[in-house]
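Q: As you go down the protein sequences, you meet chains A and B in turn.
To convert, count from 1 in the first sequence and add 75; that's my numbering.
To convert, count from 1 in the second sequence and add 75; that's my numbering.
Read the hints as simulated data drawn from the structure, not as lab findings.
Hints are supplied without guarantee of correctness; some may be wrong.
So the derived list for chain B, only partly shown, Cβ under 10 Å to chain A, looks like this [what the hints assert, rightly or not]:
no. : residue
1   : 106
2   : 180
3   : 338
4   : 349
5   : 365
6   : 377
7   : 417
8   : 426
9   : 428
10  : 432
11  : 495
12  : 496
13  : 510
Just so it is clear, CB atoms sit at the ideal spot from N, CA and C, and this is done for glycine as well.
There are 2 protein chains.
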Amino acid sequence: MANTQETTRILRRLLAEGMNSRAERLLSRMRPPDRGPVLSGLTPPEIRTVMDLLFEKRRAASTLKELPPELLPQIFEALGDERLGQILARLELDDRVEVADQLDPERRDRVIDLLPENRRSELLQAELYPPQSAGRVMTTRLVSLHEEMTAQQAIERLRETGDTLETILYVYVVDDKESLRGVVPIRRLVFAPPERLCSEIMIHNPVSVRADADQEQAAALVSRYNLLAIPVVNEEDRLLGVITVDDVIEVIEEEATEDMYLLAGLSEEDRIFSPASRSIRKRLPWLLANLGLALVAASVVWAFQSTLEELVALAFFMPVVAGMGGNTGIQSLTVTMRAITLGEIAFSSGLRAISKEVTVSVANGFVLGVISGTIAYFLEDSAVLGVALFLAMVITMGVAGIMGASVPLLLKAAKLDPAVASGVIVTTTTDIVGFTTFFGAGTYLLRVWS
Amino acid sequence: MANTQETTRILRRLLAEGMNSRAERLLSRMRPPDRGPVLSGLTPPEIRTVMDLLFEKRRAASTLKELPPELLPQIFEALGDERLGQILARLELDDRVEVADQLDPERRDRVIDLLPENRRSELLQAELYPPQSAGRVMTTRLVSLHEEMTAQQAIERLRETGDTLETILYVYVVDDKESLRGVVPIRRLVFAPPERLCSEIMIHNPVSVRADADQEQAAALVSRYNLLAIPVVNEEDRLLGVITVDDVIEVIEEEATEDMYLLAGLSEEDRIFSPASRSIRKRLPWLLANLGLALVAASVVWAFQSTLEELVALAFFMPVVAGMGGNTGIQSLTVTMRAITLGEIAFSSGLRAISKEVTVSVANGFVLGVISGTIAYFLEDSAVLGVALFLAMVITMGVAGIMGASVPLLLKAAKLDPAVASGVIVTTTTDIVGFTTFFGAGTYLLRVWS
Numbered sequence: 076m077a078n079t080q081e082t083t084r085i086l087r088r089l090l091a092e093g094m095n096s097r098a099e100r101l102l103s104r105m106r107p108p109d110r111g112p113v114l115s116g117l118t119p120p121e122i123r124t125v126m127d128l129l130f131e132k133r134r135a136a137s138t139l140k141e142l143p144p145e146l147l148p149q150i151f152e153a154l155g156d157e158r159l160g161q162i163l164a165r166l167e168l169d170d171r172v173e174v175a176d177q178l179d180p181e182r183r184d185r186v187i188d189l190l191p192e193n194r195r196s197e198l199l200q201a202e203l204y205p206p207q208s209a210g211r212v213m214t215t216r217l218v219s220l221h222e223e224m225t226a227q228q229a230i231e232r233l234r235e236t237g238d239t240l241e242t243i244l245y246v247y248v249v250d251d252k253e254s255l256r257g258v259v260p261i262r263r264l265v266f267a268p269p270e271r272l273c274s275e276i277m278i279h280n281p282v283s284v285r286a287d288a289d290q291e292q293a294a295a296l297v298s299r300y301n302l303l304a305i306p307v308v309n310e311e312d313r314l315l316g317v318i319t320v321d322d323v324i325e326v327i328e329e330e331a332t333e334d335m336y337l338l339a340g341l342s343e344e345d346r347i348f349s350p351a352s353r354s355i356r357k358r359l360p361w362l363l364a365n366l367g368l369a370l371v372a373a374s375v376v377w378a379f380q381s382t383l384e385e386l387v388a389l390a391f392f393m394p395v396v397a398g399m400g401g402n403t404g405i406q407s408l409t410v411t412m413r414a415i416t417l418g419e420i421a422f423s424s425g426l427r428a429i430s431k432e433v434t435v436s437v438a439n440g441f442v443l444g445v446i447s448g449t450i451a452y453f454l455e456d457s458a459v460l461g462v463a464l465f466l467a468m469v470i471t472m473g474v475a476g477i478m479g480a481s482v483p484l485l486l487k488a489a490k491l492d493p494a495v496a497s498g499v500i501v502t503t504t505t506d507i508v509g510f511t512t513f514f515g516a517g518t519y520l521l522r523v524w525s
Numbered sequence: 076m077a078n079t080q081e082t083t084r085i086l087r088r089l090l091a092e093g094m095n096s097r098a099e100r101l102l103s104r105m106r107p108p109d110r111g112p113v114l115s116g117l118t119p120p121e122i123r124t125v126m127d128l129l130f131e132k133r134r135a136a137s138t139l140k141e142l143p144p145e146l147l148p149q150i151f152e153a154l155g156d157e158r159l160g161q162i163l164a165r166l167e168l169d170d171r172v173e174v175a176d177q178l179d180p181e182r183r184d185r186v187i188d189l190l191p192e193n194r195r196s197e198l199l200q201a202e203l204y205p206p207q208s209a210g211r212v213m214t215t216r217l218v219s220l221h222e223e224m225t226a227q228q229a230i231e232r233l234r235e236t237g238d239t240l241e242t243i244l245y246v247y248v249v250d251d252k253e254s255l256r257g258v259v260p261i262r263r264l265v266f267a268p269p270e271r272l273c274s275e276i277m278i279h280n281p282v283s284v285r286a287d288a289d290q291e292q293a294a295a296l297v298s299r300y301n302l303l304a305i306p307v308v309n310e311e312d313r314l315l316g317v318i319t320v321d322d323v324i325e326v327i328e329e330e331a332t333e334d335m336y337l338l339a340g341l342s343e344e345d346r347i348f349s350p351a352s353r354s355i356r357k358r359l360p361w362l363l364a365n366l367g368l369a370l371v372a373a374s375v376v377w378a379f380q381s382t383l384e385e386l387v388a389l390a391f392f393m394p395v396v397a398g399m400g401g402n403t404g405i406q407s408l409t410v411t412m413r414a415i416t417l418g419e420i421a422f423s424s425g426l427r428a429i430s431k432e433v434t435v436s437v438a439n440g441f442v443l444g445v446i447s448g449t450i451a452y453f454l455e456d457s458a459v460l461g462v463a464l465f466l467a468m469v470i471t472m473g474v475a476g477i478m479g480a481s482v483p484l485l486l487k488a489a490k491l492d493p494a495v496a497s498g499v500i501v502t503t504t505t506d507i508v509g510f511t512t513f514f515g516a517g518t519y520l521l522r523v524w525s
């Protein structure tokens with residue numbers, strides 16, 4: 076990686092001097108994922124030349140699928156429809172779906188029309204599955220065998236598949252109706268007696284996933300059972316495709332990004348180097364919604380205007396109440412959300428989780444309330460301020476614990492993503508509860524103690 | 076998963092009636108990761124019986140390594156030192172390290188002394204590597220071949236490894252000094268002409284990772300190059316072990332948890348069902364540090380006491396300034412942190428990232444400033460309030476963008492985890508900047524315009 080800039084410079088010089096075959100050799104010595112950063116340093120005409128060189132050596136497709144998304148528009152621009160169609164045809168189904176998704180609709184239709192019939196219909200079929208479903212990330216490059224084939228026949232069949240062999244880890248065994256019956260790890264097949272039937276050496280009832288299930292479910296199964304690939308089936312258990320572990324890793328990384336992004340109210344398409352205009356447009360609606368909620372919190376303070384005028388020191392400690400409530404809520408929220416994502420919590424154990432989080436946050440609220448209440452009392456020489464702050468801290472942090480643990484569980488029970496808006500619901504609620512208890516207690520104590 | 080409770084009930088009845096062989100059959104039909112939830116519903120004596128049954132069928136080790144960490148203390152209690160040692164000896168190195176880590180130090184030493192010599196020395200060796208390093212998560216169960224072996228000899232060697240065969244995906248090729256020279260995917264080996272030398276069919280310069288490197292680096296390489304396993308070497312390139320993709324998935328999940336946890340100031344050991352007392356102890360120090368920072372923000376408000384007394388409406392809009400600044404900062408922080416974790420950003424492109432985030436947040440600050448400033452002006456009929464709020468929003472959100480993007484980059488440059496304390500640094504700074512500009516502008520305008 077350190078020599079990316081150096082490699083880019085050499086490549087550009089070779090291209091400028093027309094030494095294309097040397098440029099091609101340089102590129103072919105690199106691993107596909109390492110070509111992306113180098114390509115991003117080239118001009119559009121250079122990119123076109125490089126893609127042509129790669130295409131001739133059948134390396135264009137493997138390069139394209141490894142490129143960072145922000146580089147794709149430039150590459151698309153540098154390539155003609157026909158060349159793009161040829162590259163697309165060589166991609167595995169899941170990568171084909173992903174690349175086609177990045178094209179603008181009009182061009183997409185033109186390019187898809189140029190695909191060979193079987194590649195086109197496969198693509199259109201995959202696009203019928205919901206976004207982020209298993210059907211969208213599966214590949215159809217798999218070997219399925221009938222249960223009555225022998226090991227010998229199976230191996231011959233495998234030899235026929237030729238160059239794709241190395242990406243195949245399991246062979247799947249189906250019955251007359253093409254229903255999935257079992258799986259044979261390829262190593263087991265190779266060392267089995269030649270006359271054995273597939274049905275005798277296969278693992279029965281393999282773990283599988285429905286094509287319309289969320290990709291996250293496929294990833295969770297692969298992770299849970301330590302698989303290298305998971306078969307994808309339809310509602311009648313017919314084998315449709317397979318999701319391999321490298322795609323599962325991508326799904327897990329994507330889902331982690333999604334969780335963090337949703338918590339912060341960010342859209343998936345808002346990445347570090349996406350255009351500023353897009354980031355502004357994507358973030359603004361969420362910030363506006365937040366502004367609305369902040370104004371609700373403001374109106375709570377407004378309602379206590381006369382109390383504030385009487386004891387202006389209450390305003391000093393507003394950041395303490397809001398900050399501690401928010402932090403406590405986010406802690407409970409993070410622990411709960413992570414437990415949901417990693418499958419450590421079911422709805423049935425939800426009550427246990429909530430009661431634990433409340434215990435923790437009330438206990439910490441008590442400690443922090445005593446400390447901050449004492450400080451407030453001595454700084455302002457006001458018992459009202461000290462006691463109101465103590466009460467507000469205990470109650471607000473308790474509520475923050477309840478909200479932090481229950482909001483994601485409720486969202487999940489409602490079949491929503493537990494991360495959606497959790498953060499803002501929790502922090503806004505704690506702000507409102509915090510200011511209400513703080514100023515409410517202050518108002519009451521001012522009346523009673525004077 | 077739905078029938079865990081049902082299975083637990085049946086298992087308990089079988090155990091109560093002494094039908095141990097039926098209980099054993101029930102357990103053996105389950106996949107190892109599914110046994111954990113069932114075991115967690117048993118009493119200690121039942122757990123002991125179950126572990127004995129599993130042990131006799133050589134299933135105890137595979138069950139133990141799949142158990143959720145919070146269940147381990149109970150299991151350890153139910154097992155004698157000797158039995159635990161026998162189970163530990165059957166675990167692969169990475170799982171052995173992990174389980175031994177969970178034992179209290181005294182018992183750990185006793186149990187390790189009971190291990191066969193080679194298992195013990197392997198374990199003690201692995202524990203010399205830093206926590207979360209590649210050396211701690213590698214397994215030593217691998218097949219390495221000399222480069223001058225033929226394919227035929229290699230396959231015979233593989234047959235000898237017997238039952239572990241199915242977990243082996245690659246064979247590694249070494250030279251006289253045991254230095255890693257290449258890798259042969261097992262499928263390629265099987266279909267190669269028998270007399271070919273390993274050195275002729277191997278892939279040269281395989282991707283490898285140093286034993287003392289962070290496990291995250293191993294995971295990033297496996298993810299980047301779509302590997303199924305990565306060899307682990309020492310500083311002289313000697314082959315020490317291998318990390319398989321299932322462990323890489325665990326690392327990726329752990330690291331995502333760690334990022335989210337660090338942002339919220341949580342400790343790794345603080346999980347949804349860890350004892351409340353531990354969660355309280357782990358969270359309190361961080362909350363105390365936060366309280367200190369919130370008091371700094373409070374002192375900013377205190378410094379503007381006389382302004383507040385003159386225009387108490389300023390207090391109403393404190394939650395708006397603090398909330399919008401905090402949200403904007405967290406958005407920039409999340410985008411930047413995720414880009415760092417996924418390797419999309421280098422320090423050299425850091426300035427570009429920061430300038431983009433500032434552009435986005437100032438633009439959004441302008442829009443939100445106009446809206447909230449206008450609302451404030453009309454509600455309170457105060458131009459001072461409206462203009463001060465507008466200025467505070469633009470400046471605070473701009474600073475939030477700078478901080479959100481630069482804090483994690485600076486932490487990374489200082490070789491710290493970019494997530495450590497980022498959240499609290501960003502939100503505290505925006506609070507302080509926000510209140511200072513809001514009250515500062517208010518004070519100035521009150522003086523000038525009256």
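Q: Work down the list of hints and note, for each, if the structure agrees.
A: Evaluated hints:
no. : hint : in the structure
1   : 106  : 6 Å, holds
2   : 180  : 27 Å, violated
3   : 338  : 8 Å, holds
4   : 349  : 9 Å, holds
5   : 365  : 5 Å, holds
6   : 377  : 5 Å, holds
7   : 417  : 6 Å, holds
8   : 426  : 12 Å, violated
9   : 428  : 5 Å, holds
10  : 432  : 8 Å, holds
11  : 495  : 15 Å, violated
12  : 496  : 12 Å, violated
13  : 510  : 7 Å, holds
In this structure, the hints that do not hold are numbers 2, 8, 11, 12, in rising order.
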